[in-house]
Structure formats: structure tokens, C-alpha cells
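*Asks:* Numbering (our numbering), first residue to last: 88 to 273.
Among the hints, a few may not be true.
Stated by the list, open to error - When the alpha-carbon atoms are kept at most 20 Å apart in a straight line, the in silico SDA-like pairs for lysine to any residue are as follows: (1) LYS229 x CYS131; (2) LYS229 x VAL147; (3) LYS129 x ALA152; (4) LYS129 x ALA247; (5) LYS229 x LEU182; (6) LYS229 x GLU207; (7) LYS129 x ASP142.
It should be emphasised that the hints constitute simulated quantities derived from the structure, not laboratory data.
Given the structure is predicted, the values throughout are model-derived calculations rather than measurements.
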Amino acid sequence: MDTIPRLVRLLVLAVVSLTVAAADDVGCPGAPSMSVEAACRKACGTQLMYDVCRDSLRDVPDPSASHDVTGYALAAARGVLASEGATMDAAIQLLFNASLSGDEKSAYVECVESYTAAEEAIGNVLDDLPVCSFDGLAADYKNGLLDLENCRDRVIRLPASPLYAMVLVDRNKAVLAFFLGQLFGI
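Please construct the entire structure, taking both the sequences and the accompanying hints into account.
*Replies:* Written out as C-alpha cells, the structure is:
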């Protein structure tokens, strides 16, 4: 059980690494250019999401300058994928706890399955953005988000799951990635 999710994650991360190296200078035709501040204000309707946005884009060089939003969308999607990997690792580790109840074990198994699907969906986003392919992009964002929410819905029913906070962070990052993707008009 441990080997397959790790292999999938390693494969996705390898693809992401190659994509990231080629994506730093991506600019898509028709994509707006704006500063990090303007992008976060335009994409986010709440202070929480604005804060998530600013944090996710903190490494953008010269954030006060206007940049093509493609770079912001890529940075947010990479952040989602990295966060998902850490949460999946935590879920896998929890499965090795012999004192888990049946409900806990079932929830964590479902989370590993959901996170595998979410990583694939966000991997598709990271494949499509650098080549400015927006066909199906909204569906990939939404599918990744729905997969995370599936895990959230399972762990919220557990008494004090250590995974719950991590899943919420991942969900917020996925929502942000989708919001930034909407700046393309998807």
C-alpha cells in the first residue's frame, strides 16, 4: 500500500520538476499581467484567501511589478502539489498506527485514494498551464478540489484527527489555485 502512492507521487513530482524548470518564463496569449497584490485582490474575496494568496506567491521575484498571471497560477499549483504530498505522507504514516479504529483506518485509506486522484488532477494543471492549454483546465482544478473535499468530509467525522488541519490547508491552497486560474477566464 505504501509503495504505490509513493511511486505515483514521485512520478508526479518528477513531471512537476521538469515543468517548473520550463515554466518560469511562461506567458500565455491574452493572459492579464498584474502585480501580486492586484492578482490576490482580484482572485480572492476574503481576507483568509488573500493571506493564503500572498503567502503562496511570496517567492515571486519583484512582486510589485506586473507579471503574467500564468506564473502566479503555476506557483499556486506547485504549492498545492507540495502540500498534498506532505498530507499524503502523514495519512500513510497514520495507517501504520495499530490503535486506529475501523472508522479512522477507513477514512485514512480513502484519503490516500482521494489524494492520489487530487495529485493527478493538479499534475494535469501543471502540464497544461506551461503550454497555455486551457481546455479542461477548470475541470482539473475542480476535480482536484473535490478529491480534497472528499478526504475532508471523511476526517471531519473523526474525533480530533491530526490530518484535519492539513487537509484544510490543502483545500484552501487548491481553492486559491482555482481562483488564480480563473484570472485566465476559465
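*Asks:* For each hint, tell me whether it holds in the structure or not.
*Replies:* Status of each hint after checking the structure:
1. The straight-line distance between the Cα atoms of LYS229 and CYS131 is roughly 17 Å, inside the 20 Å bound, and the hint therefore holds.
2. For the hint pairing LYS229 with VAL147, the CA-to-CA distance comes to about 25 Å; that exceeds 20 Å, so the pair is violated.
3. Taking the CA atoms of LYS129 and ALA152, the gap is about 16 Å. The hint holds against a cut of 20 Å.
4. This hinted pair does not check out: LYS129 and ALA247 have alpha carbons roughly 35 Å apart, beyond 20 Å.
5. Restraint check for LYS229 and LEU182: not satisfied, since their Cα atoms lie roughly 27 Å apart, outside the 20 Å limit.
6. In summary, the hint linking LYS229 to GLU207 is supported, as the alpha carbons are separated by about 12 Å, within the 20 Å threshold.
7. In summary, the hint linking LYS129 to ASP142 is supported, as the alpha carbons are separated by about 16 Å, within the 20 Å threshold.
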